[in-house]
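Visitor: Sequence:
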Amino acid sequence: MVNDGEKKRRHTLADHLYGSDHDHVHGDGSADHDHDHDLGPAGPLEENPLWLHDNLSLVSVGIDIGSAGTQVIFSRLHMRRLGEDLSSRYFVVARDALYQSPVTFTPYADDVRIDELALGRIIDDAYQAAGLHPDEIDTGSVILTGEALRRENAQAIAELLAEMGGEFVCAAAGHHMEAMLAAYGSGAAKVSHDQDLRVLNVDIGGGTTKVAVIEGGRVLETAAVHIGGRLLVVNGEHRITRLDPAGHALARRAGLQWGLGKQVSDADLDVLGDWMAETLCSAILESTGENYLTEPLKDLSGIEGVMFSGGVGEYVYGREERDFGDLGRRLGRALRRRLDEGRLPWRLLPAGECIRATAFGASEYSVQLSGNTVYVSQPGELLPRKNLQVLQPPVRLEGTIDADQFAAAIRSHFEAFDVLEGQTEIALAFRWRGEPSFQRLSAFARAITLCLANTIKHGKPIYVVLDGDVAQTLGAILKEEWGVGSEVLVLDGIALRDFDF
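Under this note's numbering, residues 1206 to 1706 are what the sequence shown spells out, in order.
Keep in mind the hints are simulated off the structure, nothing from the lab. Check before you lean on any hint, since a few could be wrong.
In silico BS3-like pairs for lysine-lysine, Cα to Cα no more than 27 angstroms straight-line [unchecked claim]: (1) LYS1684 x LYS1662; (2) LYS1395 x LYS1503; (3) LYS1591 x LYS1503; (4) LYS1665 x LYS1684; (5) LYS1591 x LYS1662; (6) LYS1591 x LYS1665.
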């Protein structure tokens, strides 16, 4: 009960761990429960203990440090526990944008380093403008992408921002992960799910283009092409002030012998922008590997629509007209002409989030709350643990489990996310189906030992998460039957997927 003038403390999920206290007693102890309570008028739903038990609100921040631009987005995430299967997992059901910083140019000290001081000022200004303090942030992500990720101090900056900015999840995105984040953040995955379409999302940033094939709301395939809108920058006198190695190579292949300090004409810039647009179209349609930073896309059959995102996407949709002294406007307009002419043989889907796609994708899709039972071999060594990236290999745990085939599929999923097994701590997530027989669980455990050979060799922990109630048995089989020397943590009752942490 709150006394007059006493400030009501913030309500948390912990208040309901051991049931509810309804603040009444029954006199002399001879309680007669066969009576009615005069409850009075119903209060707001948000104050109902049962509602509070199943609903949470978190303040999240997404910091996107890209090749060309840096931005900060603060959101309030509304999370709800869904009741099926007595799950304790909370899902993001709504997101309210609290503050979106202006998109500013990512500051570089030189060709190999990000300017830490200038970047710090950008982040500090965003917190101040939002009226938020790091202590008020419940969760979030620092994402470095494209050319920014290549700078030698990129990872150190991400970890510092994560440490100073609140209880973050820190992830330095590789090409495949960035492509998936953009596919979700742009809205392409939602369109694919809601309209049952096979969609191609093309996210064009300052240094790279990320492409993703999406079907039924799920990303099936991703790739990256070394074409972006800010690989070259000119000043007011049309002299080149920034020329990334990829920009220099593209210009040379377009027949332009350019270097830093060279004065260039609008006509030459138009030529390069048009050539880059055609090169990108050819790379997508023909899957030629010359311009790819990853393996080319394998299957574009059945694509029913294409959506563009990223900074250059703003020009494709005509939502931005300004020229920032780079190739973004020229590249975007040249792509739109080709779309109108049918060079890309798919209908252009309406714009979703363009320049903010990666930041939105990171802030929303990396936040989950869950947990039921656990197998933990050494609690003191394994817990607490944070910042574990989740991978959900596309394997079907039903019927006969072939350990070798499963291990190969899991290793392939590591490669798709640019993760080197044994070097990065990863939580593997699976959807358990079928009977929890010893034979099936033993084969599954064997597959885990095969695909995590380097992890086990170096004595690093193994983390497994499943939705089925098999954690205790699986953990025991890994340690006792297969003799795994690494410490093992297995959680069940949780349904995680790629991009969770």
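Visitor: Could you tell me which of the hints above the structure violates, numbers in ascending order?
Guide: When the structure is compared with the hints, only number 3 turns out to be violated.
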